[in-house]
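Undergrad: Chains as they are written, first to last, in the numbering used here: chain A, 1 to 113; chain B, 1 to 114.
In case anyone wonders, no lab produced these hints; they're calculated from the structure.
Among the hints, a few may not be true.
[To be verified] The calculated lysine-lysine pairs, modelled on DSS-like cross-linking and capped at a C-alpha distance of 30 Å, are:
1) A:Lys100 - A:Lys68
2) B:Lys57 - A:Lys42
3) A:Lys71 - B:Lys11
4) A:Lys68 - B:Lys15
5) B:Lys57 - B:Lys15
6) A:Lys37 - B:Lys17
7) B:Lys15 - A:Lys105
8) B:Lys15 - A:Lys57
9) A:Lys100 - A:Lys71
10) A:Lys57 - B:Lys11
11) A:Lys105 - A:Lys68
12) A:Lys58 - A:Lys42
13) B:Lys57 - A:Lys71
14) A:Lys58 - A:Lys105
15) A:Lys71 - A:Lys57
16) A:Lys22 - A:Lys42
17) A:Lys105 - B:Lys57
18) A:Lys68 - A:Lys58
19) A:Lys57 - A:Lys22
20) A:Lys22 - A:Lys58
21) A:Lys22 - A:Lys105
22) B:Lys11 - A:Lys100
23) B:Lys17 - B:Lys57
24) A:Lys37 - A:Lys68
25) A:Lys42 - A:Lys57
26) A:Lys37 - A:Lys57
27) A:Lys105 - A:Lys37
28) A:Lys22 - A:Lys37
29) A:Lys71 - A:Lys22
30) A:Lys42 - B:Lys17
31) A:Lys58 - A:Lys37
32) A:Lys100 - A:Lys37
33) A:Lys57 - A:Lys105
34) A:Lys58 - A:Lys100
35) A:Lys22 - B:Lys17
36) A:Lys105 - A:Lys71
[Said to hold, decoys possible] Counterexamples of contact, computed for chain B against chain A with all Cβ distances above 12 Å:
37) Gly3
38) Val4
39) Gln6
40) Asp18
Even glycine gets a Cβ: it sits at the ideal position worked out from N, Cα and C.
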Amino acid sequence: GENVEQHPSTLSVQEGDSAVIKCTYSDSASNYFPWYKQELGKRPQLIIDIRSNVGEKKDQRIAVTLNKTAKHFSLHITETQPEDSAVYFCAANSGGSNYKLTFGKGTLLTVNP
Amino acid sequence: GAGVSQSPSNKVTEKGKDVELRCDPISGHTALYWYRQSLGQGLEFLIYFQGNSAPDKSGLPSDRFSAERTGGSVSTLTIQRTQQEDSAVYLCASSPGRELYEQYFGPGTRLTVT
């Protein structure tokens, strides 16, 4: 089955710096890669996703890059703010499934004012 | 509009007892998921319902776990003879249709087995 590895498990940055979280996946059939943000005590929410027909996608301060050859994808947050502090999860669809996601174990991002 | 709701928000039960967790998806969403989130872990897929199709139960960890979805809407996850390792947050999510799309999560049920 699909295996998604996420690094680092914790990340601390100063406000205004950039943050990068990286994920690798094992199933070459995967073609959908979402990122979810979970604030403390809250439910996970989708922040950005990318499909395998593109290599990069941006939405204001966040961007995701995908390298299908190397089977890894990354989340980039620029000009970080304290409200970006949360746990971020990457995911990939298993075996090219149109519904089943395998999640990474999460990255706790702390943005220090 | 109303989001995904779950009840109860917290459940403490004794080892060996049965528990039922409820999920109300967003109205009109045909896809419904259950996940388990243990401390420091990611979201572990448990089961998937899509309309009237047979559910994908491949993520259920043991035969003590079962789930139903009545009338294509509300779902209940039942854990029989609970064990301490079942302690976790159980999250439900719904999605509009058959294709991969944003999953809208509920607030979760925190289950503690003593």
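Undergrad: Against this structure, judge whether each hint is valid.
TA: Going through the hints against the structure:
no., hint, verdict
1, A:Lys100 - A:Lys68, "holds, 19 Å"
2, B:Lys57 - A:Lys42, "holds, 26 Å"
3, A:Lys71 - B:Lys11, "violated, 40 Å"
4, A:Lys68 - B:Lys15, "violated, 45 Å"
5, B:Lys57 - B:Lys15, "holds, 24 Å"
6, A:Lys37 - B:Lys17, "violated, 33 Å"
7, B:Lys15 - A:Lys105, "holds, 27 Å"
8, B:Lys15 - A:Lys57, "violated, 47 Å"
9, A:Lys100 - A:Lys71, "holds, 18 Å"
10, A:Lys57 - B:Lys11, "violated, 40 Å"
11, A:Lys105 - A:Lys68, "holds, 21 Å"
12, A:Lys58 - A:Lys42, "holds, 24 Å"
13, B:Lys57 - A:Lys71, "holds, 27 Å"
14, A:Lys58 - A:Lys105, "holds, 23 Å"
15, A:Lys71 - A:Lys57, "holds, 16 Å"
16, A:Lys22 - A:Lys42, "holds, 23 Å"
17, A:Lys105 - B:Lys57, "holds, 22 Å"
18, A:Lys68 - A:Lys58, "holds, 18 Å"
19, A:Lys57 - A:Lys22, "holds, 15 Å"
20, A:Lys22 - A:Lys58, "holds, 16 Å"
21, A:Lys22 - A:Lys105, "holds, 12 Å"
22, B:Lys11 - A:Lys100, "holds, 27 Å"
23, B:Lys17 - B:Lys57, "holds, 22 Å"
24, A:Lys37 - A:Lys68, "holds, 23 Å"
25, A:Lys42 - A:Lys57, "holds, 26 Å"
26, A:Lys37 - A:Lys57, "holds, 17 Å"
27, A:Lys105 - A:Lys37, "holds, 12 Å"
28, A:Lys22 - A:Lys37, "holds, 14 Å"
29, A:Lys71 - A:Lys22, "holds, 11 Å"
30, A:Lys42 - B:Lys17, "holds, 28 Å"
31, A:Lys58 - A:Lys37, "holds, 16 Å"
32, A:Lys100 - A:Lys37, "holds, 18 Å"
33, A:Lys57 - A:Lys105, "holds, 23 Å"
34, A:Lys58 - A:Lys100, "holds, 24 Å"
35, A:Lys22 - B:Lys17, "violated, 41 Å"
36, A:Lys105 - A:Lys71, "holds, 17 Å"
37, Gly3, "violated, 8 Å"
38, Val4, "violated, 8 Å"
39, Gln6, "violated, 9 Å"
40, Asp18, "holds, 26 Å"
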